[in-house]
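Working from the sequences, and respecting the hints, build out all of it.
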Amino acid sequence: MALDLRQRLARSPAEPVLLDGGLGTELIAMGLEQGRAPEWWVIEHPERIEGVHRAYVEAGSDVIHSCTFGASPSKLASVGLEGRCDEVNRLAVELARRAAGETALVAGDVGPTGKLYPPMGDADTESLLAAFRAQVAALSAAGADLISIETMFDLREALAAVQAARESGLPVLASMTFEAKKRGVFTIVGDRLVPALAALAEAGADAVGLNCSVSSTEMIPMVQEATAGLEHPLVAQPNAGQPRVTPEGVTYDARPEPFAMDLMEMVRAGARIIGGCCGSDPEFIRAARLALDALFADGQASTRPPAPPDCP
Amino acid sequence: MSDKNAALLAAMHEAVLNGDEAAGERLAREALEQGVPPLEAIEGGYVPGIRKAGELWEEGEYFLPELVTSAQAMKAGMAILQPALAREQRDAQVAGRVVIGTVQGDIHDIGKTLVGTMLSARGFEVSDEGADVPVERFIERAREMDADLVCASALLTTTMTVQRQLVAGLKEAGLRARVMVGGAPVSREWAEQIGAAGYADNAVAAVAVAGELVSRGA
Numbered sequence: 000m001a002l003d004l005r006q007r008l009a010r011s012p013a014e015p016v017l018l019d020g021g022l023g024t025e026l027i028a029m030g031l032e033q034g035r036a037p038e039w040w041v042i043e044h045p046e047r048i049e050g051v052h053r054a055y056v057e058a059g060s061d062v063i064h065s066c067t068f069g070a071s072p073s074k075l076a077s078v079g080l081e082g083r084c085d086e087v088n089r090l091a092v093e094l095a096r097r098a099a100g101e102t103a104l105v106a107g108d109v110g111p112t113g114k115l116y117p118p119m120g121d122a123d124t125e126s127l128l129a130a131f132r133a134q135v136a137a138l139s140a141a142g143a144d145l146i147s148i149e150t151m152f153d154l155r156e157a158l159a160a161v162q163a164a165r166e167s168g169l170p171v172l173a174s175m176t177f178e179a180k181k182r183g184v185f186t187i188v189g190d191r192l193v194p195a196l197a198a199l200a201e202a203g204a205d206a207v208g209l210n211c212s213v214s215s216t217e218m219i220p221m222v223q224e225a226t227a228g229l230e231h232p233l234v235a236q237p238n239a240g241q242p243r244v245t246p247e248g249v250t251y252d253a254r255p256e257p258f259a260m261d262l263m264e265m266v267r268a269g270a271r272i273i274g275g276c277c278g279s280d281p282e283f284i285r286a287a288r289l290a291l292d293a294l295f296a297d298g299q300a301s302t303r304p305p306a307p308p309d310c311p
Numbered sequence: 000m001s002d003k004n005a006a007l008l009a010a011m012h013e014a015v016l017n018g019d020e021a022a023g024e025r026l027a028r029e030a031l032e033q034g035v036p037p038l039e040a041i042e043g044g045y046v047p048g049i050r051k052a053g054e055l056w057e058e059g060e061y062f063l064p065e066l067v068t069s070a071q072a073m074k075a076g077m078a079i080l081q082p083a084l085a086r087e088q089r090d091a092q093v094a095g096r097v098v099i100g101t102v103q104g105d106i107h108d109i110g111k112t113l114v115g116t117m118l119s120a121r122g123f124e125v126s127d128e129g130a131d132v133p134v135e136r137f138i139e140r141a142r143e144m145d146a147d148l149v150c151a152s153a154l155l156t157t158t159m160t161v162q163r164q165l166v167a168g169l170k171e172a173g174l175r176a177r178v179m180v181g182g183a184p185v186s187r188e189w190a191e192q193i194g195a196a197g198y199a200d201n202a203v204a205a206v207a208v209a210g211e212l213v214s215r216g217a
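Chain order of the listed sequences is A and B.
Everything in the first sequence is counted per numbering that gives the first Met the number 0, starting at 0 for the first residue and increasing by one.
Everything in the second sequence is counted per numbering that gives the first Met the number 0, starting at 0 for the first residue and increasing by one.
Mixed in with the good hints, there may be bad ones.
Said to hold, decoys possible - In silico DSS-like cross-links for lysine-lysine, where the CA-CA straight-line distance does not exceed 25 Å: (1) B:LYS51 x A:LYS180; (2) A:LYS114 x B:LYS74; (3) B:LYS51 x A:LYS181; (4) B:LYS51 x B:LYS3; (5) B:LYS74 x B:LYS170; (6) B:LYS74 x B:LYS51.
Please keep in mind that the hints were generated in silico from the structure rather than gathered at the bench.
All figures in this text were calculated on a predicted structure; none of them were measured in a lab.
Here it is in structure tokens:
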């Protein structure tokens, strides 16, 4: 059985944990129509989702994300899957579990509810907490090994998600999505990078970090800023470059090897958990695995872990 | 323009920047009471305010909450000024008929609302369908109104492809309405690629493009 995430993070010095890459963008490449929720495929095409999971495990992911980014009750209701929170989350975790086997951990993926706080909308913490609790309970009951909260852009919502996730007793990753502005690195509602991540750590997330919105190259200075300002284990999952709209659909412009080199730069800056977001595919994760193996084999990394006696 | 009017316009600008909805409404009433032409209040007070808010957003000084409250302050003023403007323009010729909205799957409506507001201030008859508008509804409204233009906004790379469906859908429906597209990821190249008749990267330019398209005729 794979080491659980807390054991991995507690090993010091530790080799970074490798997550998976994009799931939604992989499903779109397999024919998921633009605008259709990936959660529909959990029900309609489970074998395709399992196939993507398998490809990530084969490429070397230590942790894969269940296809539940949009599987909070409110988000499901907005895509025509009202009242199916337990079912979708359970099926999705089972798919990931089958692909993960004994080699990878299954992260129950939790994304934003789609409800916005005032003045943008009328969400309140109580209703968001209820939504996250329902989803986390379903993920946990289905056997997820950890909860991974991603792409949060409002600290208030992210904190509600962390609180609900913590109640499951599972390890919790909490990532928000940031952009570089003239005055610093912020979310779209104006949460500043280091204070936001510090608040998530304070709320009890086992690791905190950044995902989506920016390319790997753009994420490097953000990771440096975050690790300089935080003691907590850091997660980094950049996009595979920037999206380009072509007649064939949306494509991302990064290549696996330079992406992997950027991830290694983040590891050198102190990132402990790395992976890819939109547009990254199993080739990106394979390149990251190769780069990690090289980094930790030739003694370049000052944080090289002693090999545990029971591991080859 | 009198000093008093100038002070009023500056206060409108300020109310929008501060996201002060109550002031946005109150100043619009004052303008009408003092005989300031509604068009002057819109284009000299509210529109510069919302444009400045947009610039502050670009610069990273404003974030979504500030932008939204600014838009609300502007809307509060527009709700007072637009009926007055309509009364004034009742006898004037309509510049053109426009259906405007943000495409399905996309809830961003600040830029779209600004373009719609400025078009109606400039004498267009505008039907603002809001955000998350299905292609079918754009087409249905264009048919009902015998629209000259359909303006479609998309702020996401995942939703801009709906603009292409809209161009094709209108053509298929045999309507004469021509399509204008806008939104952060949208470019002139994209507009040309999907066969849209017009593109603008800001609200002022959008009004100019709309005027050109309509005067050239369908």
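Results of checking the hints against the structure:
Among the hinted pairs, B:LYS51 with A:LYS180 is consistent with the structure: their alpha-carbon atoms are about 17 Å apart, no more than 25 Å. Note on A:LYS114 and B:LYS74: the hinted pairing holds, with a Cα-Cα distance of about 22 Å set against a maximum of 25 Å. Between B:LYS51 and A:LYS181 the CA atoms are separated by roughly 16 Å; this keeps the pair inside 25 Å, and the hint holds. Among the hinted pairs, B:LYS51 with B:LYS3 is consistent with the structure: their alpha-carbon atoms are about 22 Å apart, no more than 25 Å.
At roughly 33 Å between alpha-carbon atoms, B:LYS74 and B:LYS170 are farther apart than 25 Å, so this suggested pair is violated. For the given pair, B:LYS74 sits about 16 Å from B:LYS51 by alpha-carbon distance, which is consistent with the 25 Å threshold.
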